[in-house]
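Dock chain R against chain C, hints included.
Protein chains: 2
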Amino acid sequence: MNIVFHGANAQTFMPRFEILLEQDHQISFVPDQIESSEHIATYQAADIVIGIRYDAGLPKLSAQLYQLPSAGYDKVDLNMLPANCAAANVFGHEKAIAEYVMMALLSRHVPLFEADQQLRERNWYYWAGKPTGLRTELGSETIGIIGHGHIGKEIAKRAQAFGMRVMMANRSPVDVQYDKTFGLTDLAKMASEVDILVNCLPLAPATESLINAKIFSAMKASGVFVNVGRGAVADEQDLFIALQNKHIGAAIIDTWYRYPSPDNAIPNPSVLPFAELDNVLMTPHMSGWTEGTIARRQQQMADNINRLARGEAILNSLK
Amino acid sequence: MNIVFHGANAQTFMPRFEILLEQDHQISFVPDQIESSEHIATYQAADIVIGIRYDAGLPKLSAQLYQLPSAGYDKVDLNMLPANCAAANVFGHEKAIAEYVMMALLSRHVPLFEADQQLRERNWYYWAGKPTGLRTELGSETIGIIGHGHIGKEIAKRAQAFGMRVMMANRSPVDVQYDKTFGLTDLAKMASEVDILVNCLPLAPATESLINAKIFSAMKASGVFVNVGRGAVADEQDLFIALQNKHIGAAIIDTWYRYPSPDNAIPNPSVLPFAELDNVLMTPHMSGWTEGTIARRQQQMADNINRLARGEAILNSLK
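Protein chains in written order, with the numbering used here: chain C, 1 to 319; chain R, 1 to 319.
Treat each hint with caution, since some may be false.
Put simply, identical chains are the same to the list, so a pair is met inside one copy or across any two.
Result set (DSBU-like, lysine-lysine): computed pairs, CA atoms no more than 35 Å apart in a straight line [what the hints assert, rightly or not]:
1. Lys75 <-> Lys214
2. Lys180 <-> Lys153
3. Lys319 <-> Lys130
4. Lys153 <-> Lys130
5. Lys189 <-> Lys157
6. Lys157 <-> Lys220
7. Lys319 <-> Lys180
8. Lys130 <-> Lys60
9. Lys180 <-> Lys157
10. Lys214 <-> Lys189
11. Lys75 <-> Lys130
The set of hints was computed from the structure by calculation and includes no laboratory data. Values in this document were obtained by computation on a predicted structure and should not be read as measured data.
This is chain C alone, in the form it adopts within the complex:
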């Protein structure tokens, strides 16, 4: 079959991809902007496309499988795909994201780099026994996780190992034991009971601005909001105002409202000046981006291609 990797994101998954395939296939690459007749022909000859974007601006496909190398598929218009073309996404980023979240949360308690700089200058400020350097513990805090999917479960597992109280909010009932569970309609209630509120939800009509002024004002004034789901699940303006007016203590934001595009390679991540706030840790949608994620996703994509070649049903089907 013709396997076509489309765009810079998909390209990251090409090295050594062929060794995961059971049969010989033709593997090609086309760039994000498909303009030359050669690229158009390659793209349209694809049996399998690996990409993160399919819309009316792209040449029409007659493929059998549209395989995303990512979890989010909000830029793929599933209705535009041929009727008999399957579509699937991948996960495998949840361990990486959980490491990012635990690192960000621990960094609020363990002043590691400050202590290192001090001791190099013979300053023992944080020495045990000096009341000056007493710190707090992450383990004594309560975390509320929104979304009991792959990411939420991995964060919960680590939080529990740290002795944290773990609460979970989810659309459907949760089959794992947590300190408390809530429906998504009771989000404000959970927000009022936790020290840390983490969004793991993807973007969908039902989740857009689900986390808004009502939720932020329910939170403790010391509360920390973390977004590793999708930016717009947290209302852009409400989040900015909650931080600016110190209605909440801090935010750790990895998923944003604006991203690099062909028109603007280095945008601000929001129309609002988050970078001027001192109570936000802001990172460029990096939480899931590890060698481990690449390897796990390559394996999941190759598994689907191998299943398709054997005539078996694909996994993580989106249609």
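Same frame as chain C, now just chain R:
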């Protein structure tokens, strides 16, 4: 009974200590240097001393209990205590130390603060999908823990939740399931198999310089050594040379060879210039020092005083 807190370290545990006691007791404080006749009299009238140092330089005690507010008791000469005087230490720092260790290890994989600085300047270097910003995962590493005590167990629990391979070396057989276990005589073997080697052992004649050039040269060149036990369990010169000559990749050192004393309040933590090395993270014996540790130790010490007052055997007896 007369309860006397001795010195600045013990003093940290005084606030609200009385509310944990079942009966009324007299609570006093004497400073580290006991020189005035009043302080000598207070110290000698103690039924219970809470302190971390007892030696020939101090007035002779006739107490019933010498209670340490710490785990290490290498500065208390147990043989000098009256024959009928019990001695006990406390733990309760293990969760704090495990948080320090996980934070230090995660910080080697998640470039959080660099990414934050960059994004504030619209630099998307670490953005998912850019091959530039791909990071590694702690969860893919193997950790070897030396000492299956309170600290070692808590580190292991968190490491397992991160999906790490966990190996354990201990003097006596280990009753918990790990990927591999070793005796202390096989330390070099474990050192050769791990990415991270963590010392949790206290200082004793049998552990002094137990981790030496032989162990460091068994480690991978990328290996990370962590010391949260006691400084001198790792040979001072061998550790420095291993780092300086890049026989190991890095070290995270919280427990040292020299500490602040009445003679020198701001010493270098070693006679060797660790601060000149760029592959060491050095902190001033802070890993266990949290509000949670204080609270847990206060409770453990009060429990022992309550037990003594009720005529029951004390816990964590050292004699």
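- May I ask which of the numbered hints given earlier this structure violates, with the numbers listed in increasing order? Every hint satisfied by this model.
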